[in-house]
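Visitor: Please construct the entire structure, taking both the sequences and the accompanying hints into account.
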Amino acid sequence: GIQVEQSPPDLILQEGANSTLRCNFSDSVNNLQWFHQNPWGQLINLFYIPSGTKQNGRLSATTVATERYSLLYISSSQTTDSGVYFCAVNRLSNDYKLSFGAGTTVTVRA
Amino acid sequence: DAGVIQSPRHEVTEMGQEVTLRCKPISGHDYLFWYRQTMMRGLELLIYFNNNVPIDDSGMPEDRFSAKMPNASFSTLKIQPSEPRDSAVYFCASSFRSYEAFFGQGTRLTVV
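Same order as they appear, the protein sequences are chains A and B.
For the first sequence, the working numbering assigns the number -17 to the initial residue and increments by one for each residue that follows.
For the second sequence, the working numbering assigns the number 79 to the initial residue and increments by one for each residue that follows.
Certain hints may be false.
To give a feel for the contact side, a few chain A residues facing chain B, derived at Cβ under 7 Å [stated by the list, open to error]: (1) N12; (2) N13; (3) G23; (4) Q24; (5) L25; (6) Y30; (7) N72; (8) Y78; (9) K79; (10) L80; (11) F82; (12) A84.
A few chain B residues that don't get close to chain A, going by computed Cβ distances all over 12 Å [what the hints assert, rightly or not]: (13) T91; (14) S105; (15) E161.
These are computed hints drawn from the structure, not numbers from a lab.
From a predicted model like this one, the values you see are computed outputs, not experimental measurements.
Cβ atoms here follow ideal geometry from the backbone N, Cα and C, with glycine treated the same way.
Guide: Have a look at this one:
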């Protein structure tokens, strides 16, 4: 199946700092999503971004499908940004199952 | 729409008992997915349905696990008999075709 690698595995930030999370994938994709799993375990949709760039408040994401990677930017981080960020993809085929990376654990300190 | 609804939110059961997890997908979505999350294995797909038909159950760990989708608005994941190693958070998700998938809040299962 498709391989999804996220980096870094862990990130500790001071409140107000900016950061970049990376997702590499091993095959052409039909769908790429970024999720935030909050401390209560809920998976929150951040971006549906198979290609291009999107912004939502302090968060933005860019996917370069031809080079098989996506980046998630967090600006002016807040303590509420803490949690695990997952990248998930499905392949450019008739296979609609999302494969997840291992996640990046972000801790934002006040 | 209320989103994907799972029940129960928490389940504690004794080894050997039958456990049934329930999911109501978002109306109009034609794909439904069951995932399991553990510290050791992360988020892994167990099974998914398209238009109520199981498409790929290769992630179902063993015969003790079964899933059904009797109609477009309801699915169940059953474990019988349950074992301590089944303890995990089970997520249900739905999507329209290959577009954005949305997850329920999960069921935290503890088998003692």
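Visitor: Can you list which hints this structure breaks, lowest number first?
Guide: Failing hints: none at all.
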